[in-house]
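Below, each chain spelled out in residue letters.
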Amino acid sequence: MQDYIDNYEYDALVIGAGIAGGESALNLANLGHKVLLIEKDLTIGGKMIMLSKVFPTLDCSACITTPKVSEIARHPNIEILTSCEASNIIQKKEGTFEALITVQPRYVHVDECTGCQLCEDACPVIVKDQYQYDLVGRKAAYIPFSIASPRAAAIDIENCTLCGACERACPTNCIDFTQTVKEYTIKCKTVIIATGFQLFDPTLIPRYGFGRYKNVITSMQMERQLAPTRPFNTVLRPGDGKQPDNIAYVLCTGSRDKTIGNPICSQVCCMYSTKQAQLLMGALPMADITLYYLHIRAFGKGFNEFYAQAQSMGVEFVKGKVAKITEKENGNLILRYEDINGNVVKETEHDMVVLSVGILPNIGIRELFANIDLELDEFNYIKQTDVLASPALTSIEGVFVAGTASAPMDIPDAILSAGSASAEAANYIRKMSEMMISV
Amino acid sequence: MAADNKKTVLIMKEKRTVSQEVKNQLKFFTQTKKKILKELKEKEMTVPELSKAIEMSETETLYYLMSLLKYGFVETGEIDDMDEYFYYKLKNNG
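Protein sequences, first through last, are from chains A and B. Read in order, the letters of the first sequence are residues 1 to 439 in the numbering used here. Read in order, the letters of the second sequence are residues 1 to 94 in the numbering used here.
Worth flagging that the hints you see were computed from the coordinates, not collected in a lab. Keep in mind that a hint or two might mislead.
What the hints assert, rightly or not - Derived DEER-like restraints, expressed as beta-carbon distance ranges:
#1 A:4 with B:19: 25 to 31 Å
#2 B:92 with A:311: 44 to 50 Å
#3 B:15 with A:212: 37 to 43 Å
#4 A:93 with B:21: 49 to 55 Å
#5 B:15 with A:87: 22 to 28 Å
Stated by the list, open to error - Derived list of chain A stretches under chain B, where covered just means 3 residues or more per stretch with a C-beta under 8 Å from a C-beta of chain B:
#6 153-161
#7 164-175
#8 231-244
Quantities reported herein were computed from a predicted structural model and do not represent experimental measurements. All C-beta atoms in this analysis are idealised placements derived from N, C-alpha and C, irrespective of residue type, glycine included.
Let the sequences and hints guide you as you build the complete structure.
The structure is reproduced here in structure tokens:
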């Protein structure tokens, strides 16, 4: 993998290198098309590479993602740029596209970094590690995480003290503080948008106390605690390092909630909470796990069996709407909720609460396009103009959508969606190529 | 191409100044690291014990302790008799 591009003409530009973008790029590359895959983050693999296991099979997420990511990174027909974004995308008269690609400096030459981590050892700074969702620190010279691709260091220039220790420690001289922003104007025949989703910020529901009560965490923070590359030695309360033994999950946090502007279901929070509950039963065999839910939506293949399996393992499912959470002096949390079946208001005490956060569309995608309008749906996802027959089609001919950029969905559906987008894109490339030959 | 003289940071220093906040953060971490390592040199401790010893909140203590664990200064010991808190000790780096 490099931090520059060799060509300025591609068959396809794929925006977003998560599982949907990566799959789309790989499908097109395997058909012989030249693909430029761009990612705004330092690594490819998206959110999936950060997960512990996948539901309902409980397969290791990293074990599925890393071979795929490796295949993408090594494919001769795919060029990858990280830390970069596309803008000013223009559709030409004949239907092809031009785009401006802006690459932020990493201050490390990716192709020369061996991932030895000597720079990381030498760096004296500690700041919150965004890849561990702030549960632990990282250095200012750092490799994002152990299975990152590219496994290359980056310098967090905002938090760097410019002491030069990383540069002195680097055995390959790959650290380069003279790097600057690079811009490329590229041409391509088609564009696939696979920009994924963002997680709901639970500070927008102040009554749940996230950010104020240290033992209220998000499901993604719990996901990290359950992953092999976890921030702590085991599952711990961030408030005091206690091993929890009575954990509550609040489902639908930030989804199916008109008051915070997101009335739709996240499609995944029921099942990922059920998965985490099962994993917690393994990690903390003595712990009580309770899920507070509105409805369990076990709609996929094997989902209902997975839900029944969690029940048989002893996970308690309470049909209840949590009104508020308060903190006790010892860090325990009181959940006040409406017991929907019993039609009464109840309070229960737990020593840790996990907010099963919903998913939201990424904003600003529409603004990538200069002379054409990319339509969004009523929930601000990219509008699918023929959702049943051709779900990858958007309002712009030649621009296709893959994965959660179009709607909330789980991993298998995102991969399926990537298949649809790459098939449509391949067809469009063929059309464009034929047209160019005839002209 | 990478720089040959290993001094590209000097060029950056001419263009950019380090904020006082970043300098303060570094100072605070260095002091905290020293305090934690000094206490753990005496004996193994749980997070609440260490928090009391270094006069820092338990949340912050956990954060810095786990960062030191990540970078190989500290290792995990046994769990206490109540199965609640783990003990942490200095890592024997040989």
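| task | Against the earlier hints, flag every one the structure doesn't satisfy and list their numbers going up. | result | Per hint list: zero violations.
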